[in-house]
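In order, the protein sequences belong to chains A and B. Every letter in the first sequence is one number past the one before it in full-length UniProt numbering, and letter 315, counting from 1, is 315. Every letter in the second sequence is one number past the one before it in full-length UniProt numbering, and letter 166, counting from 1, is 166.
Check the hints yourself; a few may be wrong.
[What the hints assert, rightly or not] If you want a taste of the chain B side facing chain A, the calculated C-beta under 10 Å gives, among others: (1) Phe15; (2) Val115; (3) Leu192; (4) Glu193; (5) Gly199; (6) Arg203; (7) Pro207.
[Claimed, not checked] Coverage of chain A stretches by chain B, computed from C-beta distances (three or more under 8 Å per stretch; other residues unrestricted): (8) 82-90; (9) 98-110.
In short, the hints are calculated from the structure, not lab data. Computed from a prediction, not measured in an experiment: that's the story for all the values here. Note that CB positions come from ideal geometry on N, CA and C, so glycine has one too.
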Amino acid sequence: MGNRGAIRLESLTRSYGRVVALDDVDLEVRAGEMITLVGPSGSGKSTILRLIAGLDRPDQGRIVVDGQDVVRVPPHRRAVAMVFQDYALYPHLTVLGNLLFGLRVRRVRRAEAERRARAAADRLGIADLLDRYPDQTSGGQRQRIALARALLREPTVYLLDEPLASLDAPLRFATRADLLALHRELGTTTIHVTHDQAEAMTLGDRVAVLDRGRVRQIGPPQQVYDEPADTFVAGFLGSPPMNLVPGGGVLGGAAGLILGVRPEDLELDTDGPIEATVEAAEALGSETILLTRCPDGTRLTVRTGPRPGVRPGEGVRLRPDPGRLHRFDAETGRRR
Amino acid sequence: MTSGRARPPLTAWAFLAPYAVAVGLLIVLPALLNLGYAFTDHTGLTRDPQFVGLDNVRRMLSDGFLLDSVQASAIHLALAVPLRLLAAVGLGLLLAAPRPGGRWFRVAVYLPTVVPDVALAVLFLWVLNPLYGPLNQLLGLFGHPGFTWLSDPGTARVAVALMLVFPIGEGFLVVLAARRLLDGRLYEAAALEGCGPFGQLRRLTLPMLAPVLLLLAVRDTILTLQVNFVPAYVLTDGRPANATLYLPVYIFDQAFEFSSFAYGALITSVLMVVTAVVITALLLVVRRWRVLR
Numbered sequence: 001m002g003n004r005g006a007i008r009l010e011s012l013t014r015s016y017g018r019v020v021a022l023d024d025v026d027l028e029v030r031a032g033e034m035i036t037l038v039g040p041s042g043s044g045k046s047t048i049l050r051l052i053a054g055l056d057r058p059d060q061g062r063i064v065v066d067g068q069d070v071v072r073v074p075p076h077r078r079a080v081a082m083v084f085q086d087y088a089l090y091p092h093l094t095v096l097g098n099l100l101f102g103l104r105v106r107r108v109r110r111a112e113a114e115r116r117a118r119a120a121a122d123r124l125g126i127a128d129l130l131d132r133y134p135d136q137t138s139g140g141q142r143q144r145i146a147l148a149r150a151l152l153r154e155p156t157v158y159l160l161d162e163p164l165a166s167l168d169a170p171l172r173f174a175t176r177a178d179l180l181a182l183h184r185e186l187g188t189t190t191i192h193v194t195h196d197q198a199e200a201m202t203l204g205d206r207v208a209v210l211d212r213g214r215v216r217q218i219g220p221p222q223q224v225y226d227e228p229a230d231t232f233v234a235g236f237l238g239s240p241p242m243n244l245v246p247g248g249g250v251l252g253g254a255a256g257l258i259l260g261v262r263p264e265d266l267e268l269d270t271d272g273p274i275e276a277t278v279e280a281a282e283a284l285g286s287e288t289i290l291l292t293r294c295p296d297g298t299r300l301t302v303r304t305g306p307r308p309g310v311r312p313g314e315g316v317r318l319r320p321d322p323g324r325l326h327r328f329d330a331e332t333g334r335r336r
Numbered sequence: 001m002t003s004g005r006a007r008p009p010l011t012a013w014a015f016l017a018p019y020a021v022a023v024g025l026l027i028v029l030p031a032l033l034n035l036g037y038a039f040t041d042h043t044g045l046t047r048d049p050q051f052v053g054l055d056n057v058r059r060m061l062s063d064g065f066l067l068d069s070v071q072a073s074a075i076h077l078a079l080a081v082p083l084r085l086l087a088a089v090g091l092g093l094l095l096a097a098p099r100p101g102g103r104w105f106r107v108a109v110y111l112p113t114v115v116p117d118v119a120l121a122v123l124f125l126w127v128l129n130p131l132y133g134p135l136n137q138l139l140g141l142f143g144h145p146g147f148t149w150l151s152d153p154g155t156a157r158v159a160v161a162l163m164l165v166f167p168i169g170e171g172f173l174v175v176l177a178a179r180r181l182l183d184g185r186l187y188e189a190a191a192l193e194g195c196g197p198f199g200q201l202r203r204l205t206l207p208m209l210a211p212v213l214l215l216l217a218v219r220d221t222i223l224t225l226q227v228n229f230v231p232a233y234v235l236t237d238g239r240p241a242n243a244t245l246y247l248p249v250y251i252f253d254q255a256f257e258f259s260s261f262a263y264g265a266l267i268t269s270v271l272m273v274v275t276a277v278v279i280t281a282l283l284l285v286v287r288r289w290r291v292l293r
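Isolated chain A, as found in the complex (with noise of 0.2 Å):
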């Protein structure tokens, strides 16, 4: 299975009326990869997953698996298996019905159809739900058994949109984990779509970041993290956003360019270069996130460890790592 679900984007574009959802999309995903998109809702990401599931069809550009273009090729003929957001269980079926569904419709036989929901069910662990209906099941059971549901297509490919977020705090981070592991063990291309950067962070060998339509960087997530390509991507990832200071200011004059720093790479320091007042701190019990503003009205966030000692109204001195400063062309945006 390891060298199959090998799939390349070639410059796909598809619009719905006059919103350009792909611009000129070029991606390529490694057989076996886990990969994570990521962006803002509107970005294109879904869009991306339904024109691989052939749900949709796009208006130029090829979407290449396993060395074929699978364009013109009806979703059911193509390798792949989609867990949508909300799971899209049948509420008439039970589980074990959901589960047997496809097998039904790709006319497998009753008992082998059967052996095989309840060995999926086994692998996932909800055996003993198979009698129950999807509403008499918990959000993580559901999204189990859409997964199981997947499992039996037996793809080349799968496609997760948003699996975790219909689920609560603890469980997703439960089930991130669980997800991961399934990868390992399945070790089948995965696309998985997030709007969350946690789950891009932490869910995938690499991840894409999209905005507007486009891919605006892709690489793996601590690289995308550290070298962000753009002030969208530096914006967009990580938490609380990157400061970015427009022609250098507190951080050193600069013209034509945009500096930018990580909250974390900003440290309380008597002896630092800048003078900020502190506006607003939220404790978050294991850091502490200082809402600053500096004389010349630039504003800092600054994290930092529990406890720190200030209070709003209080000034402070601080020392930006000078390795960790990001530099950006104030035209494009770029990094430089």
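Given chain A, work out where chain B should sit, using these hints.
Just chain B, lined up with the frame of chain A:
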């Protein structure tokens, strides 16, 4: 709260009271009176009906016209309910998806429902006219000589059912609304599994709409058995050869034209029993099909 089960507060009962009073005065009381009249010699003209025991029941058991009437109603039910449901469901599903001009088609489907019963019947007198009616002219285009629709028992039954296929607006609207509530993603998920349009209809749409369809079937059964009086009265008045002498028509004839109010009351009770039996049978069949959870 001291006990586990809360009692509805007095205000709730107060709000329900007007409705309860109306139901009591306008439905329960007349129904009980009706049952009482069934065992009298009341003509509907005099004030002092006398109790006559089972006289009316004996009359009913030897009434050939009543048999014709029950038969006419049964055939009409078997023709009209499936036709009307098929039309309402078919058109509702067809026109649920947004498409250009769709709203005009939806208006067109609903429009006949707004037409008063009498007007619809008069219109159909023209449509079914054997000499100049458009229906026979349409058949003529295919080389068919046409029918004398309302003077042959068989075609008269079909004609009334045909007319009632048009006022299906409510059922159509219910199907339309129910279909639009179904999640589009379910259809995408099915498409990914290789389920085509027909498979989606069979495996998704119809099962998910089953509760609504059952409701429509029950409602249409009641409607078809009881409320088809006006059009049938205008169109055929029970003729020819009692082919369209549906129970409501026969009841009206007995109670208000032949001065047998008491006998009409008895048949009304029979109609109610027949309706209950048909609906119970329907529900039992549906339960055996296991389409409802």
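For each hint, the structure was consulted:
| no. | hint | result |
| --- | --- | --- |
| 1 | Phe15 | violated (32 Å) |
| 2 | Val115 | violated (37 Å) |
| 3 | Leu192 | holds (5 Å) |
| 4 | Glu193 | holds (4 Å) |
| 5 | Gly199 | holds (6 Å) |
| 6 | Arg203 | holds (7 Å) |
| 7 | Pro207 | holds (5 Å) |
| 8 | 82-90 | holds (count 5) |
| 9 | 98-110 | holds (count 4) |
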